[in-house]
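Asker: Chain residues, written in single-letter form:
2 protein chains.
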Amino acid sequence: MIPFKVVCRNCGREVRRDEWRWRDDCGGVLDIILDFQGRKFAELIDAKEENIRRYAQLLPVEELPSVHQGWTPIVKKNIDGVEVNFKLEYLSLGGSFKDRGAYICVARAKELGARGIIVDSSGNAGISFSLMGLLSGINVDVFVPKHAPEGKKNLLSLLQANVHEIDGDRMEVNREAIKAEREGLIYVTHWWSPYFIEGEKTMAYEAYEQIGNVDYIVAAVGAGTTLLGLYKGYQELVGLQALDKVPKIIAAQACGYTKVCEELGARKECITKSKLADGIAIGDPPRRRQIVEAVKRTNGHGIIVEDAEIKKALVELRKLGLIVEPTSAVHYVALKQSIKEGFIKPGSKVLLPLTGSGLKLVDELIEIS
Amino acid sequence: MIPFKVVCRNCGREVRRDEWRWRDDCGGVLDIILDFQGRKFAELIDAKEENIRRYAQLLPVEELPSVHQGWTPIVKKNIDGVEVNFKLEYLSLGGSFKDRGAYICVARAKELGARGIIVDSSGNAGISFSLMGLLSGINVDVFVPKHAPEGKKNLLSLLQANVHEIDGDRMEVNREAIKAEREGLIYVTHWWSPYFIEGEKTMAYEAYEQIGNVDYIVAAVGAGTTLLGLYKGYQELVGLQALDKVPKIIAAQACGYTKVCEELGARKECITKSKLADGIAIGDPPRRRQIVEAVKRTNGHGIIVEDAEIKKALVELRKLGLIVEPTSAVHYVALKQSIKEGFIKPGSKVLLPLTGSGLKLVDELIEIS
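From first to last, the protein sequence lines are chains A and B. Numbered according to my numbering, the first sequence terminates at residue 369, and the numbering increases by one at each position without gaps. Numbered according to my numbering, the second sequence terminates at residue 1369, and the numbering increases by one at each position without gaps.
A hint or two may mislead.
[As the list claims (entries may be wrong)] Have a look at the derived ranges for each label pair, beta carbon to beta carbon:
| # | chain 1 | residue 1 | chain 2 | residue 2 | range |
| --- | --- | --- | --- | --- | --- |
| 1 | A | K179 | B | I1366 | 41 to 47 Å |
| 2 | A | D167 | B | Q1210 | 46 to 52 Å |
| 3 | A | I178 | B | G1256 | 48 to 54 Å |
| 4 | A | K312 | B | E1165 | 47 to 53 Å |
Since the hints were made in silico from the structure, they are not lab data. Even glycine gets a Cβ: it sits at the ideal position worked out from N, Cα and C.
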């Protein structure tokens, strides 16, 4: 395993690696920094593994559970003269890209001695953490809003999570989850945890091995873990001498939840808040500054998407054989818009993750179709 | 492409390849026979493709749609001293192994000039055919029992299939579907079609490339396409000089639908008919004789499974991180039983396909948990 340190992004302090921290004492978000010591990507891969353990040397965890994770397929399509590579992140054990981050978080929490973890999410993250906890023998307490769909709460129970229903909004749920933290029972959040990003970065490693470099990547932004994971993965590929530079990042947000895109100069007259893109309905993600900085550094841009466009995109994607959830379709809208605006040039190459399965919420898809 | 012929299993007659036939005039089932002309498996693979098109030369279709299909992951586990290789067939576009067969059938139907296809299934096969039809621009008419779950009918509509509800049992639905056949609109059934088996056989090719030879394969039997697909795939691997012999096949059926297993000498005191294993609730599959013969030739055996065992297996599989539908769990019960009976020996190696995703039917899984 490559040596690594955990550093506060706000005050620059290095924090202890051997205890679980989801943020620094100063309130700043934490980053994990690997020390490559001049080594190259190709020599650090375990090529016989077609799953996330292929990159075990580049992950800050000693022991990784022996279940399948990652190595999701690519579907290549020519769209308006652009080579679009859909990465089917939804063909995963828990049906979404969040399995990657949860896999690393739970493995690390276990090796730091956690008996149980606390999570706040009724969506894909809750499912991923519950599943990874179940297979790792770690108890999972999930805090969800009382008004969350019954189906989702049921799935969490099926995965043997303890579901706590909180009467209040999303921020209230978050506060209650944090309050429940105690010795041996730790708060693990994809909003904050640097280990979550370590899981997500493997998407970039895989894409590089599958299709080589790309010119653009599209990432919908809620907490920003897809975007930051891809950014970190590509940055590391540069550090590991596999690539010369990081692709341009296109950040996509849905009406009503557009702080990142606004800071990137994106404008759109939104009539109502998005109801469809529930996976990215986060007002102000803790890593917002980091996200904006990442996009700017790659000379990327932001795209704001509305529900009518999401609906249309879902139908188009199904015609390509891709049954995804509405949040995934946000990526597709941002792609088409970026091509239309001339930001993505004909003849170029794009990586577009499809993050969540539509099979989990057929009823919802019917309702909006 | 390897030359092939289509032959009636009953009367031995060769039928025309250039028109769609789902059975012979004599009523017999059809087989596709490839003429390898002494060629070897390794030289017929397109190794740069990590999907079903890797085996394009061994498939009886000229043009295969450029969507992702196949190359499903393997999860290896030591269970009671046996190396069990779960093949995650449910991590597929339509959420089940039936995507493989539907992919080949629809591609072949299209190249034979069909404008539309008729299917009778409200389950995984209906979903797979509707999805493959949608992405291939082929109309799909699906005949389903009136009492089929609304959720399943909704998913078919979402995939733009024309859903015909028939007031009657499964056999009545089948008769109505066949009656609807006319010029350009062909009946395509996984119960009968030899092309469906051609899709399914690629499971064996992949498993061979992923894990080498195995000693046993476990296959739940409804219409028998998993079993016959695997059998044909392994037989062809022998014909293509990759393997010496076909693994022993363990056929698994659920209480109430046990004709194949009974012919194989399996006995069990079933109290009630299975309600859970709806994917294999077929009284008498058209290819029954062929299935029994295949199992006998490999010195395999049959295992009958009841609902209480399926329930327990579903929980055990989820603890391994595998959220599958009840029918998939039948394989797992048969595995454990075969180990217990001493039929599968310690130290041996097993291939066990997990055929359908549990994410499609969380409500049902909750109900029985």
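Asker: Which numbered hints are broken by the structure, listed smallest first?
Answerer: As far as the earlier hints go, 1 and 4 are violated by this structure, in ascending order.
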